[in-house]
Every structure is written in C-alpha cells, then in structure tokens.
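Chains as they are written, first to last, in the numbering used here: chain A, 1 to 255; chain B, 256 to 466.
Fair warning: there could be bad hints in the mix.
Unchecked claim - Okay, derived cross-link-like pairs now, DSS-like style, lysine-lysine, Cα gap no bigger than 27 angstroms in a straight line:
| id | chain 1 | residue 1 | chain 2 | residue 2 |
| --- | --- | --- | --- | --- |
| 1 | A | K78 | A | K189 |
| 2 | A | K189 | B | K363 |
| 3 | B | K363 | A | K78 |
| 4 | A | K151 | B | K309 |
| 5 | B | K309 | B | K363 |
| 6 | A | K189 | A | K76 |
| 7 | A | K138 | A | K151 |
| 8 | B | K261 | A | K76 |
| 9 | A | K7 | B | K363 |
As the list claims (entries may be wrong) - Beyond 12 angstroms from chain B on every Cβ pair, some chain A residues (computed):
| id | residue |
| --- | --- |
| 10 | H110 |
| 11 | I116 |
| 12 | A133 |
| 13 | N177 |
| 14 | P237 |
The set of hints was computed from the structure by calculation and includes no laboratory data. The structure presented is a predicted model; accordingly, all values stated were derived computationally and were not measured. Glycine is no exception: its CB is placed at the ideal position from the N, C-alpha and C atoms.
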Amino acid sequence: MVFGEPKRYFVERRVVERMLGTHSGSFEEYFARLRADLDREIEQFVNAFTINETYFYREEHQLACLTTDLLAARLKVKARGSPIRIWSVPCSTGEEPYSIAMWLLENWPHVDEHEIEIVGSDIDTGAVELARAGVYGKRALMRLPPSVVDKYFAFDGDASWRIVDDLRHSVLFTAANIVNRADTVVHGKFDVIFCRNVLIYFDDISRRTAAENLFENLLPGGFICLGHTESMSRISPLFDVARFDDAIVYQRPSR
Amino acid sequence: MPLTRKPPPAPPAGAGPLADAAAIARALADGNEDERWAAARAAANLPDSVPALKDALAGETSAAVREALFSALARIASPQSAEAVLPLLRSDDALLRTRASDALVAMKQAAWPYIAALLRDESADVRVLACGMVREMPSERAAPLCCDLLDAEPEQNVCAAAVETLAEIGHASALPALMRCAQRFRGTPFLEFSINTAIDRVRSQAITPRA
C-alpha cells in the first residue's frame with residue numbers, strides 16, 4: 001500500500017490510534033513493539049490501515065452483469081455439474097459476498113440448478129471475524145429492498161441486523177493478502193472474482209503481483225470485476241476487456 | 256439453499272520444485288506454457304535467475320509468460336535486472352517496448368541511474384519512454400533532467416512528453432526551461448498549449464500553501 005503526502009493525516013491518525021491501543025508512551029516505544037510484533041501488533045497495524053467502509057448491493061450494475069452475462073458465459077464452457085465458484089477479495093466485513101449471495105438467490109432463475117460456492121477473503125482478520133458474525137448497522141442496508149432485508153436479516157436490537165444463519169453458513173470467509181501468492185493459491189480457481197477498490201492503493205509492483213495472483217486464481221475464461229474507477233488495462237495486459245450492457249469487466253483468456 | 260460452503264480444493268501439484276536458478280532456467284527453456292509461467296513467477300524471489308529471465312524474454316511467445324518475466328525482473332529490481340530490460344526499449348514490438356518501460360518504472364531506484372542516458376538516446380521513441388520514467392523520480396532529481404532535455408531536444412513529441420512530466424511533478428525550477436521551450440517552438444500550437452498548461456500547473460502548485 002502506498003500513502004502519499006495527502007494521506008499523511010490518515011497515517012498519523014492510525015499510528016496514534018495504535019499507540020493509544022497499546023498504551024505506548026512514545027512513538028519509539030510503539031515502533032519497538034511493532035518491530036518485535038509483540039502481541040501480533042503487525043496484524044493490528046495492518047488492520048488499522050485497511051478501509052472497511054462499504055454497504056450491500058454496492059455497484060449493483062456489476063451484480064446485474066453477473067446474473068445477466070457472466071454466469072451464462074461460464075456455463076457455456078463449464079463441465080456439467082462442476083460448481084460455480086465466486087471470490088470476493090477483499091471482502092471487508094462481508095457486505096460484498098453476502099450481496100452476491102442474496103443477488104443470486106433473488107435474481108438468477110437458474111440458482112437452484114447449480115452448486116454455488118462463494119468465498120470472501122480479506123487481509124484484515126478483524127474484518128473477517130465481523131463478516132462471519134454478519135451483524136450490520138442501518139447504513140449498510142440502505143440500498144437493499146425491504147423485502148430482501150426481511151428475508152435475509154433478523155433484527156438484532158440496538159439498530160443492528162444479523163444475516164440469517166442459512167445465508168451466513170453459506171459463505172466461507174478466510175484471511176488472505178492478495179499480494180501474497182501463498183495466501184491466494186490455496187483458494188483454488190474461480191469462475192468470477194470481485195476485486196473492487198483495492199488495487200488503487202498499491203504501488204506498481206504490488207499491483208502487478210496481485211494481478212498475476214488473481215490471474216492464477218481464475219479459470220480460463222473466468223471474469224474479474226474491479227471497482228468503477230479502476231482499470232486492469234493500466235496494470236497488466238494479462239486480461240482481455242469484456243464489455244457487457246451492465247458493466248465492463250476483465251476476462252482471463254480461454255487460452 | 257443452493258449455496259454451498261466447502262474448503263477450497265487443493266491446488267494441483269506443480270511439475271517440481273523451482274527452488275534455484277538452474278531449475279528455473281531449465282523450466283523457462285524447456286517447459287510448456289504453464290511451467291514457464293510458474294518458473295517466471297518463482298524467479299521473482301531468486302535474483303540469480305536474471306540471466307535466465309533475460310534469455311527467456313528474448314524468445315518468449317506467450318504474452319502471459321512474458322508479463323510474468325517482466326514482473327520478476329521488476330521485483331528483483333537490481334542493476335542486472337534493469338540491464339536485462341533496457342534493450343527491449345528498442346524493440347520493434349510496441350507492446351514489448353511499453354511493458355519494458357513499465358517494468359523499469361516499477362523498479363524505481365534500480366532504474367534511475369540509466370535514465371539520464373536514455374534521455375539522450377539517439378532514438379526519439381526511447382527518449383519519449385524515458386520522459387515517462389522520470390516521473391517516478393523525486394522531483395528535485397527529475398526536474399533538472401527534463402529541463403536539460405527541453406533545452407536541447409529537437410523533436411516536438413519528445414518535448415511534449417517532457418512537458419507532460421514537468422506538469423505532473425510541478426517543480427517551480429522548471430519554469431524558465433518551459434518558457435525557453437515555448438520560444439523555440441513558437442508557432443507549434445499543440446506544444447504551445449501543452450507548455451502553457453504546464454506553466455499554469457507548476458505556478459499553481461508552487462503557490463499552494465501546505466495543509
């Protein structure tokens with residue numbers, strides 16, 4: 001991750017938060033703790049720098065593209081009976097993988113004909129724990145139709161809603177850093193990867209490494225969806241551009 | 256519910272360990288596309304594999320493997336890896352030239368010692384690419400390089416590339432060279448426009464108070 005001069009305040013705030021969180025009396029004291037990785041401070045430090053602001057059905061047009069075009073394209077080339085695998089990485093606190101699951105259940109007429117695996121992964125282990133818990137505030141639900149909220153959430157009191165157990169237990173959550181091949185390769189191959197709004201934070205080398213890791217995690221002909229401000233063409237020529245009515249996505253060449 | 260949760264499938268076993276430069280060289284020379292891809296990716300952690308990566312780049316036909324070769328050299332980021340990529344800036348293949356330039360940009364400091372010479376290269380195409388590479392350097396080092404080029408460069412397109420870089424790095428010391436270049440190319444509308452835009456940007460950045 002690269003933080004330029006305009007992000008100085010953001011960085012300072014996170015460092016101060018961690019200094020307070022560890023009761024460090026000075027930066028030197030905190031830095032020594034970080035270097036020694038006392039009480040897994042490196043993980044806490046990374047967690048403090050990751051951004052977990054999101055909501056359900058964010059960039060809905062890509063979800064529409066998934067059910068209108070991407071899955072149809074995958075089914076044309078997949079062996080009958082092989083599972084459809086979808087990866088949301090980074091998944092933050094779980095809004096995206098649960099959105100994918102709800103969208104499929106609500107909008108894909110063929111959903112009952114296939115075995116579908118949805119995996120959500122994030123470098124922030126705290127976010128992964130929250131994703132597994134599946135409890136959200138009102139703001140995260142703002143884009144969901146009331147009928148969807150009623151069907152997939154239970155009011156948890158104190159202005160929070162919990163994903164129903166059936167859905168919660170349908171999504172696998174794991175910790176993974178997309179720049180670390182050892183983390184990504186163990187997740188296997190996917191038909192569709194959602195990797196939105198993270199590559200913009202990386203430097204050139206990390207972006208290239210992440211693109212190559214994700215390329216390995218895609219089945220030939222599989223698709224990757226980036227955030228609407230991101231362009232894979234500027235990062236790597238490994239993928240083809242695939243234009244659909246609802247979204248522009250990227251595709252691993254079939255060979 | 257049709258959604259299922261299972262542990263991810265075990266990744267397929269590779270062709271064999273790629274733990275040293277010799278194994279990587281063998282796989283790059285004799286492997287199939289998947290094996291060459293795996294070797295190129297593993298090479299990123301083995302600086303000794305630069306000669307094999309350089310040899311492989313010269314003959315690699317797969318675009319994906321070629322990309323992995325460039326990435327490995329970029330991640331190694333040593334004088335040797337920079338020198339392995341530099342000749343490709345003169346390739347007849349535009350994509351190869353661009354990816355070579357991108358790899359050098361990604362190497363950051365490892366490529367910087369070569370940039371001054373690239374800005375004086377006999378090929379205008381190489382000089383244009385070098386102007387893009389300057390962008391990654393600290394502005395105090397980048398601005399004088401671009402200014403020296405602007406004072407001597409005969410090609411409009413190369414000047415335009417340097418002007419674009421100066422507009423981005425926004426160093427006030429570049430203003431005199433930009434004005435001299437505008438004088439030299441008076442009557443060339445696109446360059447005059449670029450230079451005026453760059454001057455405006457540099458001036459506005461020079462007077463912006465720090466937060």
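Hints, verified against the model:
no. : hint             : result
1   : A:K78 to A:K189  : holds, 13 angstroms
2   : A:K189 to B:K363 : violated, 32 angstroms
3   : B:K363 to A:K78  : violated, 42 angstroms
4   : A:K151 to B:K309 : violated, 58 angstroms
5   : B:K309 to B:K363 : holds, 19 angstroms
6   : A:K189 to A:K76  : holds, 17 angstroms
7   : A:K138 to A:K151 : holds, 16 angstroms
8   : B:K261 to A:K76  : holds, 24 angstroms
9   : A:K7 to B:K363   : holds, 21 angstroms
10  : H110             : violated, 9 angstroms
11  : I116             : violated, 5 angstroms
12  : A133             : holds, 16 angstroms
13  : N177             : holds, 16 angstroms
14  : P237             : violated, 6 angstroms
Taken one by one, the earlier hints fail for this structure at numbers 2, 3, 4, 10, 11, 14, listed in ascending order.
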